[in-house]
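Novice: Listed here are the chains, written in short residue letters.
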Amino acid sequence: MSVTAPVASTVHTVPLLEGAGLSKTFGIVEVLKDIDLTVRAGEVHAIIGENGAGKSTLMKILAGNHQPTRGELRINGAPVSFSGPVDAENHGIVLVHQEILLAPDLTVAQNIYLGRELGKGLALDDRVMNEGATKAIRELGGDLDPNAIVSRLSIAQRQLVQIARVLLVPHRIVIFDEPTASLTPHETEALLKVIRDIRAKGVGVLYISHRLPEVKEIADRVTVLRDGRLVASHETSELQPADMARLMVGRDVAKLYPDRHAAEARETVLNVENFDVPGYAQGASFTLRKGEILGFAGLIGAGRTELMEGLVGLRPGKGKVTLRGHPVAFTDVHSSLKAGVAYLSEDRKGKGLLLTKDLRTNLTLASLSKFIRGFQIDRKREAQALDTAIEDFDIRTGNKDILAGQLSGGNQQKLLLAKMMLLDPQVVIIDEPTRGIDIGNKEQIYKFIAALAEEGRSIIVVSSEMPELIGICDRIHVMRAGRIVGEVEGEHMTENEIVQLATGVNAGAGEAA
Amino acid sequence: MSTVATDTTKAPKTSKDWDMAAIAPFVALALLLVLGYFANPNFVSLANLTNVITRSAFIAIIALGATYVISSGGLDLSVGAMVAFVASLMILFMNSGAVADPMLMLIAAMMLALILGAACGLTNGLITTVGKIEPFIATLGMMGIYRGLTTWLSQGGSITVRDRELQQLYRPVYFGDVFGVPIPIIVIFVTAAIAAFVLYRTRYGRHVIAVGSNEEVARYSGISVKKVRTIAYVIQGLCVAVAVIIYVPRLGSTSATTGILWELQAITAVVVGGTALRGGVGRIWGTICGAFILEIVGNIMLLSNFVSEYLIGAIQGAIIIIAMLVQRTLMRK
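Chains as they are written, first to last, in the working numbering: chain A, 1 to 513; chain B, 1 to 333.
Treat the hints loosely; a few may be bogus.
What the hints assert, rightly or not - The list that follows gives simulated cross-link-like pairs (lysine-lysine, DSS-like), each with its CA atoms no further than 30 Å apart:
(1) A:370 / A:338
(2) B:132 / A:447
(3) A:370 / B:227
(4) A:320 / B:226
(5) A:380 / B:227
(6) A:370 / B:226
(7) B:226 / A:193
(8) B:226 / A:60
(9) A:33 / B:227
(10) A:201 / A:216
(11) B:227 / A:320
(12) A:318 / A:349
(13) B:226 / A:349
(14) B:226 / A:318
(15) B:132 / A:201
(16) A:318 / B:132
(17) B:226 / A:338
Said to hold, decoys possible - Covered by chain B, according to a simulated footprint, are these stretches of chain A (three or more residues, beta-carbon under 8 Å):
(18) 212-218
(19) 364-377
Hints listed in this document are in silico derivations from the structure and should not be mistaken for laboratory results. As the structure is a prediction and not an experimental result, all values here were calculated from the model. Glycine included, every Cβ here is placed at the ideal spot set by N, Cα and C.
The whole structure should be built from the sequences, with the hints applied where relevant.
Specialist: What follows is the structure in structure tokens.
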């Protein structure tokens, strides 16, 4: 290696990893411009920014997936250039992906050692790998059977496996890309502890997240990106979450949640009694009033999504459901949509939108019959509907011909909302309305939800983010292990109250088996 | 930004940028025509080209149905055997003398073929959707069943239209022409025009693409995935029936070996035409182009003396693999 180290690099201040003037251009779009970044040993450095701010591009440069167009990377002061992710790993930089990338049919140990299996001669040495996997999971504060099949694990457990897998590579820098996006507060807490342990070993951690309170809690330093530029880099102690939000958005985010008029006692629109979704939810009973926003809180796996999917006919379910006084039993989405009940999946990319199709196709997919003239689809009316949707829901896209997959998460959610609102549903069930969405778009989506309720529609919001439920809902039902275990309203809508119900810690001797 | 402003090649891809993959089969067709001219100048004569296109009719029409099945995320391996089965039953019906008047008999036989085709397609569809069996296995099994039934019906030999008068009456459906355009060519374009209209312009067509593109999104949007897929198989069956209707007058008979490897040719035509084998993209005119390409390759082999015509199956097999490679390269851009 040629010794052309930078001039002023006295040994003890040399950062573990340093990026100087990193820039990246895709075609004509400059997505990163002159980013200077350092990661020191034994610190957690958070990168925050709205979607499209350039966080993931920056991460991909650091992890070797992209080459910077300009700028330089240095490790311990020496310039490096990665030919690919494997090369970056060889330099000790590992990335924990946001999505869980595991083979669902393999065991915990098989996944952890996938692609780097240990063997005795030609045969695999399962004993050693199982021991290694158990040890790796223990070091992360977990306890999993190495022979457990991954598809049977919870999301949080899978993430633990994923982290254990990544940490098996000798590492100096660990990058976490929005690791808590699909975790409940409880699981998040556990993950943050894992990250503190990693930091304590002198590893440098880069932490990307939308969740500012969490950043405040875990990070030593915070760097804020906006529109591909670095707008601020501070010690975390100097910033409050509100400051971070302001820096991210570039303006004051005074109020994230819209003002809501307490819904007066209006008529019941939806009444659910003793609804079962076999294997997921039992004996669910609740009512939903006109113009109301009803929240469903609970840990992941509590059966909230499955209950809603059962109600709209996406899963087999049984119970007494009345919609505006009429008994209904939906066997498929077609019938529930026709009755005016729309469900927006938590899995926007997998179940909500056709990512490889254009916006128009996506927008009208559920309501095509409204766009038929004779035998044909009326494309002009479709195009008009798209214009209206872009306007009404503030879908930000330079080009109306792009594919849905090219929209940012927030704009995808707005498109999905627009798609369902074309059906003019009276009951709207929104599952995780703001998962993976940046603050600016979040604020807008809350506003839309409030406006829909204001119009007299009834809304159910399923969410793992308690502040969001508390911020926009009139009442919140809490689910645990497939049952609705409580309802909170008014001043009882506090995180504390919800957590107690969701985890059952106040239920005496805990869960009876 | 300004320095690279002229470089738009890597600008964000939009729905209007799929053109490369869509144009590729037509470019290939044009190149083949040029190649054919150099191999044998007679190749580009109107008579020869008309002849070639006429002969591509069976595969082209079957491949239209395959375009529906494949773009909805399915697959049908049984089409070749289905041709033999439907054709055999059609001829047996014509030989039964159930209808005295030859004209009425012919019309009844054609109707029967359409009904049988639709029924065969419906069977395939229901096995895959309601029976929840992988299309590959379901239609592989049905391929064996249709083929076996045909062999049994013909007792290993052939089944021939016996009635002379009926044969003469039926002949023009393959050999006749309207203003010089052979009827099979007219059938290709009329069928393709209807297929294109349904796929690109109607609600059902949009649903086919949605189901093939992402089954879950379709289901969550209130679309009955099973219904859409089953209907796609029925459309495939109807296309097979149309192909049978113009196939039977050509030889006036069928045998246990009728339609062998036609499934390979139909799927190849679809893939060469740019339809994605994983579903979600359907190109009707590309499929027609793909069918022409297959027939032209065979014709060039016949007219030139480079390659033995006995290698035609091997060449077609190679074409489908090459087409997949090209498709993947184009799609990645």
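Novice: Now tell me if each hint is right for this structure.
Specialist: Evaluation of the provided hints:
1. A:370 / A:338: 12 Å, holds
2. B:132 / A:447: Distance ~43 Å between residue 132 of chain B and residue 447 of chain A Cα, so the pair is violated.
3. A:370 / B:227: OK: residue 370 of chain A and residue 227 of chain B at ~20 Å, within 30 Å.
4. A:320 / B:226: Holds - the C-alpha atoms of residue 226 of chain B and residue 320 of chain A are around 27 Å apart, at most 30 Å.
5. A:380 / B:227: 28 Å, holds
6. A:370 / B:226: This hinted pair holds, its Cα atoms lying about 22 Å apart.
7. B:226 / A:193: 47 Å, violated
8. B:226 / A:60: Violated, at about 40 Å.
9. A:33 / B:227: 51 Å, violated
10. A:201 / A:216: Holds, because 21 Å separates the two Cα atoms, which is no more than 30 Å.
11. B:227 / A:320: 28 Å, holds
12. A:318 / A:349: 28 Å, holds
13. B:226 / A:349: 22 Å, holds
14. B:226 / A:318: 22 Å, holds
15. B:132 / A:201: 52 Å, violated
16. A:318 / B:132: 24 Å, holds
17. B:226 / A:338: This hinted pair holds, its Cα atoms lying about 19 Å apart.
18. 212-218: violated (count 0)
19. 364-377: holds (count 8)
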